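*Asks:* So you can see what is in the structure, the chains are spelled out below.
2 protein chains.
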Amino acid sequence: MPEKAVIRNIHLTLIRYSHYDFAPMKRVPSITSPIISITRKASKSLYRQVYEGYRKAILEGSLRAGQRVPSSRVQAAELQVSRIPVLNAYAQLLAEGYFESRVGSGTVVSRSLPERSGAGQAGRETSTKRTSTRRAISKRCAKLPARERFFAGRGLGPFLASQVSSEHFPLRIWNRLVTRHARRTGARTLDYGDPMGLKELREAIAGHLRTARGVRCDASQIVIVSGSQQGLEITARVLLDAGDRLWIEEPGYAYARGVFEFSGCKIVPVPVDEEGLNVASGVKKCRNARAALVTPSHQYPLGVTMSASRRLQLLDWAESNRSWIIEDDYDSEYRYESMPVTSLQGLDRNSRVVYIGTFSKVLFPSVRLGYIVAPEDLVERFLAVRFAMDIGPATFHQAVLADFIREGHFSRHVRRMRAVYAERRSVLIQCIQEELGARVEIGGAQAGMHFCMMVKGISDREIAERAAARGITLVPLSRLYYGKAMRQGFIVGFGSTPVEQIPGAVRELRNAMAN
Amino acid sequence: MPEKAVIRNIHLTLIRYSHYDFAPMKRVPSITSPIISITRKASKSLYRQVYEGYRKAILEGSLRAGQRVPSSRVQAAELQVSRIPVLNAYAQLLAEGYFESRVGSGTVVSRSLPERSGAGQAGRETSTKRTSTRRAISKRCAKLPARERFFAGRGLGPFLASQVSSEHFPLRIWNRLVTRHARRTGARTLDYGDPMGLKELREAIAGHLRTARGVRCDASQIVIVSGSQQGLEITARVLLDAGDRLWIEEPGYAYARGVFEFSGCKIVPVPVDEEGLNVASGVKKCRNARAALVTPSHQYPLGVTMSASRRLQLLDWAESNRSWIIEDDYDSEYRYESMPVTSLQGLDRNSRVVYIGTFSKVLFPSVRLGYIVAPEDLVERFLAVRFAMDIGPATFHQAVLADFIREGHFSRHVRRMRAVYAERRSVLIQCIQEELGARVEIGGAQAGMHFCMMVKGISDREIAERAAARGITLVPLSRLYYGKAMRQGFIVGFGSTPVEQIPGAVRELRNAMAN
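For the protein sequence lines, the chains are P and U, in the order given.
If you count the first sequence from 1, position 90 lands on 735 in my numbering, and the numbers rise without skipping.
If you count the second sequence from 1, position 52 lands on 697 in my numbering, and the numbers rise without skipping.
Some clues are possibly wrong.
Put simply, identical chains are the same to the list, so a pair is met inside one copy or across any two.
Dumping the calculated DSSO-like pairs for lysine-lysine here, alpha-carbon to alpha-carbon at most 27 Å [what the hints assert, rightly or not]:
| id | residue 1 | residue 2 |
| --- | --- | --- |
| 1 | K686 | K844 |
| 2 | K911 | K1129 |
| 3 | K788 | K686 |
| 4 | K784 | K701 |
| 5 | K1101 | K701 |
| 6 | K689 | K784 |
| 7 | K1129 | K689 |
| 8 | K911 | K788 |
| 9 | K929 | K686 |
| 10 | K911 | K784 |
| 11 | K788 | K1129 |
| 12 | K701 | K686 |
Since the hints were made in silico from the structure, they are not lab data.
Just so we're clear, the structure is a prediction, and the values are computed from it rather than from any experiment.
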């Protein structure tokens, strides 16, 4: 049979290779006493027992490099087993390089194995667990804050931001699309897809962004990512080197800032006031920053909308300074008192804005889909970075989401949720005003799924601790400052709390603030 | 209604804010001639036309900061429309900061808007497209190689590596699991999941790795990622800083190397011979490297398996030098002439090995699921980096894959594919030996879905070019060297080529090599 012949041929080549680098012959005693034992009662095959017995003996140092191994015939007789499992075990040990075989000298323990001493091996086994000192990792990683195992899970109380009302998601429709695509999945969709993302989805998103967000874009500029975090990560890599300076909003979103800190960027905190990022202050602090990271639609955490004049000032700065603007439009879909404010990207005439959005808040977090709108001339560089990071996004749910948007379910869902959140928001504001009155001031409630509740003359961290004791997680505003905290307050989310639970939750909050 | 009252209250606050920073009053003429025009035939609402008309006039500079806006009554009369759309448009322009209104002075174009000149604006519109010079991006990104838009797609010929036989994937079973999970999906699964990955999947993977790969691990050490590329990315961040030295295999896998180069690591290429990475040579070149990146089961591209002695040498080096080993076990499931060789991680007694695997090759590429096995004491740091990069993996297909493994479909599929690939491999080797004979030498065919075909006295890039003209993509071995190419040859994949197409493909290859 030619096939067999070919394989044998290769195998011979292998064995020839393994001889290429011999140490000078030393006199080493051959193995006399039985080195391995087997049991017929074990669930392991005889072959496996012989193989593992030898391997263990070699690794633990009880068999030494160059020691002659009994012939398979002798070993089989010693163990009182047939010769086949012994032959198979020897072949495996040869293939893996524990044994070597040489014409004339039979099979020996591989001479190139480093020395192992039995005692040393046994002692080393648990060394990691014993050492209490931390082993050296990268400096950049050592600086990263520790993470809770379960991120933003349920059970964190009624006021956590970035929580969506999952009960309102049209799961029946979504699952119908999932099932439909499962039926349609063919061999083609199993292959690597376009690293930029599925064309149908990119077209659907471009269409949505043009009409709903005033973004000037074409599907070819869209990069599908796993959420805004990955969007920021890719953007940071395309635009910034370690040491480059970046304007961030003060206070701002710590996870976004973290992406740039991890890249080694120098952070320039620029204060946010009621009109958004104070551009003049940024220019004064560091005119030559390479980029600015902003949330103009609904600033996180203060909730303010960047005014038209600040938008134009920022664009002018970017243009004259050849800097970039990174617009994180994380929850712009919901706006309550006016029409949605169009994106900063849509005002830009010089392609200086990278626009980033996510479906985590408007659909559901575990879908892990978001997008970047890259400037036209940088699309190819975004592609290169996206590919280098993780090849590309999974295909299946991109196709599901494309249909969800194209068939109108997406806009219906957004309309419906706008009403749901609007109700929760106004009930929450009303309850807060009734229960807490003048002790707090609400800001940034025009959009999104959270607002900011300022307090005065009291430590927000202290209240947060007291609230935590009552099972209410509150994120203190003072924690979201990069530098010194200028205001005290809380991020109050209302995405996941049903209307009927709000009055009780606010009473609990009042009690936490009182005692 | 209390709700309305609350909202009005906030709105008033908003307007109050917008007054906080006025420029000194200047005399600016009020608007006299009609600045906007509307048409009743347009699909846009009257409100939208008024809003956009003003916005455009302001952005283009035909309306200047401080100019008085006609009252809504006057404007409505001028346009011959009802007052409601004008009032709505004015409210939006006020909310966005294009207008400002002040007791006593009526509504004016916002004074804080930067100067816009009509001519300048029009000229700037197309500036990006006109400038042929590239705009400044990060140096690290500028160095990244350009990417083909479609990665490893079909139609690249019969010999491309990393291609799987998608037709053999049990899609019916997979899709049944998808449909089952679609029915089961509840609000809980829509929430953010564990950043480390779904517990059920991590347990299934740990079980598989312990038995099939001899990996010593527990589910708590598994980090679910989107494939080996992201696995390498996360590992690089945990372990290495810019400037740290890393041993890589020479020749080696360029995309993996790229992850570390992008991080700013210094690459130390260490030659690979028939026993795998030459550890002694690595020690001689740079003993103090922080880490070594290896593919011990089936070296990419040469296909050799790292010998037992090299494995032990490498582990000894890592232990004595406090360095890390990154084991990329990208296609270890298929082994043809012996039992699978257990992982390097399984030999390690000091938790110095980070083990990375992927489902891209054993299931299908677009599933985008892989895993890291992190050393126990570093789990928390891997979690921190994973979270910082992109929060966590999408939940749905993790659940599907967990069932696929637990219900035995995974091991059945692997067994079946081992037979399929074994046949393709032996037919391919036979055809190459018949058609090309002594002109080539095959190496590294013991495992995986590709082997290496060496050529002598001829440029592999030249042959690759000729083959490309015949529609056959061949990856030249010489391209996979970081330094000077020491051997010429090709990576020959057989994952996606049915047996009956192999003889013809090899004849084509012979013709490409002949002329």
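*Asks:* Run every hint past the structure and note whether it holds.
*Replies:* Hint-by-hint comparison with the structure:
For a Cα distance limit of 27 Å, the shortest separation of K686 from K844 qualifies neither inside one copy, at 59 Å, nor across copies, at 34 Å. In this assembly of identical chains, the alpha carbons of K911 and K1129 lie at most 27 Å apart only when taken from the same copy (17 Å versus 38 Å across copies). Neither within a single protomer nor between protomers do K788 and K686 lie at most 27 Å apart by alpha-carbon distance, with minima of 53 Å and 61 Å respectively. Taking the shortest alpha-carbon separations for K784 and K701, neither the intra-copy value of 37 Å nor the inter-copy value of 50 Å comes in at or below 27 Å.
For a Cα distance limit of 27 Å, the shortest separation of K1101 from K701 qualifies neither inside one copy, at 69 Å, nor across copies, at 41 Å. Proximity of K689 to K784 under the C-alpha cut-off of 27 Å is found in neither arrangement, the shortest distances being 45 Å within a copy and 56 Å between copies. In the homo-oligomer, the alpha carbons of K1129 and K689 never lie at most 27 Å apart, since the shortest distance is 64 Å inside one protomer and 47 Å across protomers. Within a single copy, K911 and K788 get their C-alpha atoms as close as 15 Å, and across copies as close as 22 Å, so both meet the 27 Å cut-off.
Taking CA atoms no more than 27 Å apart as the test, K929 paired with K686 passes in neither setting, with 80 Å inside one copy and 49 Å between copies. For a Cα distance limit of 27 Å, the shortest separation of K911 from K784 qualifies both inside one copy, at 16 Å, and across copies, at 16 Å. Within a single copy, K788 and K1129 get their C-alpha atoms as close as 20 Å, which meets the 27 Å cut-off; across copies the closest is 38 Å, which misses it. In this assembly of identical chains, K701 and K686 lie within 27 Å of each other by CA distance solely inside one copy; the values are 20 Å within and 86 Å between copies.
Comparing the model with each earlier hint shows violations of hints 1, 3, 4, 5, 6, 7, 9; every other hint is respected.
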